[in-house]
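*Asks:* Letter by letter, the chains look like this.
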Amino acid sequence: MIALYILLSMMILGALVAIEVRSLISSVVAVGAVGLGLSLVFLLLKAPDVALTQLVVEIIAVIILIRATIRRQLPGSPVSARPYGVLLGLGFAVLLVLVSLPALQEIPQLGHPYMRVAETYVENGLRDTGATNVVASVILDYRAYDTLGEATVLFTAVMGVMAVLRNRGLKGGEEG
Amino acid sequence: MADRREDGMSLIVKTVTRLTLGLILLYGLYIVLHGHLTPGGGFAGGVIVALSLVHLVLAFGGRSAWKRISHSGASVMEATGALGFLALALLGLTAGFFLSNFLPEGRAFALFSAGSIPLANLAICLKVGGGLFAVFAILTIFTAETASPDGGER
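Those protein sequences? They're chains A and B, same order as listed. For the first sequence, this note's numbering begins at 1 and goes up steadily by one. For the second sequence, this note's numbering begins at 1001 and goes up steadily by one.
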């Protein structure tokens, strides 16, 4: 439990470093550290599936981000130094906490979820689908529509990236 | 700078890459094929497969790597995965409804069990691996070497 809070504060620290640091590549590395911390948090919360996915996705995301940023090293993004912006943000944060206070009191203890829907899956997953990994039985059997939608989202995202970058590549290069 | 990058990294890195590339690819396939038994699955395994290809490109540099693997191959891989998943979903209609698990369940903890879940994992692996590698390939080609013959050919 205490490890979780240490990790969370390290992640917040990493995110702040990523925002404040001047060189883009250090920023990318700091974002990678945040993702690594998130992966460890998932592991602590006993979700090895999500931890594994988070870890490998973080690695490829950092590589892609480095690839995308290494060529144009911007001299640091200018952070707007409006004093009332901070106050406004803090005000909204306080407002948000006040409004969501009743809901926050209803949250179950960490590690003791309500398990209303999940109980069915945990109990019947092996019998219904034959998969010993409950996560696989959920994402590819019970909730396969979600996975189909997710795959479509990824497909569209890749298509969009290819279309946008191809356009710029054609303009930048001499040949088609 | 561009020439140095196309030559790839140092001999040490290249040698280590030769040794580890197959292991990483194998680990990714293991994660995919055992997705219904242990943590992992198509998404994580697909990313590891893509990472092994990214590893190759990073170590050997753009020009020599693109001779062995093409990014249009990655697009084909992704399209195969997407169509494969859709085909599995449609084959589910034979057992009653869209996306139903139409194959027999088999014995628990056996590699060939859980009906169509391993096949769906494989399709998702192809999709995710192909898609992420295609993004990486596009970024490498069009941000670094737009003028090179490999970049122009697309």
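Misleading hints may appear alongside valid ones.
Unchecked claim - Footprint (simulated), chain A over chain B, 3 or more residues, beta carbon under 8 angstroms:
id	region
1	1016-1026
2	1048-1057
3	1115-1123
Stated by the list, open to error - Here are the simulated SDA-like cross-link-like pairs (lysine to any residue), alpha carbons at most 20 angstroms apart as the crow flies:
id	chain 1	residue 1	chain 2	residue 2
4	A	K46	A	V122
5	A	K46	A	Y5
6	A	K46	B	L1037
7	A	K46	B	H1034
8	A	K46	A	L90
9	A	K46	A	V86
10	B	K1014	B	L1026
11	A	K46	A	I64
12	A	K46	A	L96
13	A	K46	B	K1014
14	A	K46	A	P108
15	A	K46	B	P1039
Worth flagging that the hints you see were computed from the coordinates, not collected in a lab. Ideal Cβ placement from N, Cα and C applies to all residues, glycine included.
*Asks:* Taking the hints in turn, state whether each one holds.
*Replies:* Here's how the hints hold up against the structure:
Given a C-beta distance limit of less than 8 angstroms, the hint that chain A covers the region 1016-1026 of chain B is violated, as 0 residues qualify and 3 are needed. For the region 1048-1057 of chain B, the stated coverage by chain A holds: 4 residues have a C-beta nearer than 8 angstroms to a C-beta of that chain, and at least 3 were required. Only when three residues or more bring their CB closer than 8 angstroms to a CB of chain A does the claim for the region 1115-1123 of chain B stand; here the count is 5, and the claim holds. Between the alpha carbons of K46 of chain A and V122 of chain A the distance comes to roughly 15 angstroms, so the proposed pair stays at or under 20 angstroms and holds.
A distance of roughly 16 angstroms separates the Cα atoms of K46 of chain A and Y5 of chain A; the hinted pair therefore holds under the 20 angstroms criterion. Only pairs whose Cα atoms come within 20 angstroms are accepted, and K46 of chain A paired with L1037 of chain B is accepted, the gap being roughly 16 angstroms. Distance hint between K46 of chain A and H1034 of chain B is fulfilled; the C-alpha atoms sit about 19 angstroms from each other, no more than 20 angstroms. With a C-alpha separation of about 34 angstroms, the suggested pair K46 of chain A and L90 of chain A falls outside the 20 angstroms cut-off, and the hint is violated.
In summary, the hint linking K46 of chain A to V86 of chain A is not supported, as the alpha carbons are separated by about 37 angstroms, beyond the 20 angstroms threshold. The suggested pairing of K1014 of chain B with L1026 of chain B holds, with an alpha-carbon distance near 19 angstroms, which does not exceed 20 angstroms. A hinted pair counts as satisfied when its Cα atoms are at most 20 angstroms apart, and K46 of chain A with I64 of chain A does not qualify at roughly 28 angstroms. A distance of roughly 30 angstroms separates the Cα atoms of K46 of chain A and L96 of chain A; the hinted pair therefore is violated under the 20 angstroms criterion.
The hinted pair formed by K46 of chain A and K1014 of chain B fails the criterion: a straight-line CA distance of about 37 angstroms is larger than 20 angstroms. Proximity of K46 of chain A to P108 of chain A is assessed by CA-CA distance (about 17 angstroms); at most 20 angstroms being required, the pair is judged to hold. At most 20 angstroms may separate the alpha-carbon atoms for a hinted pair to count; K46 of chain A and P1039 of chain B meet this at roughly 11 angstroms.
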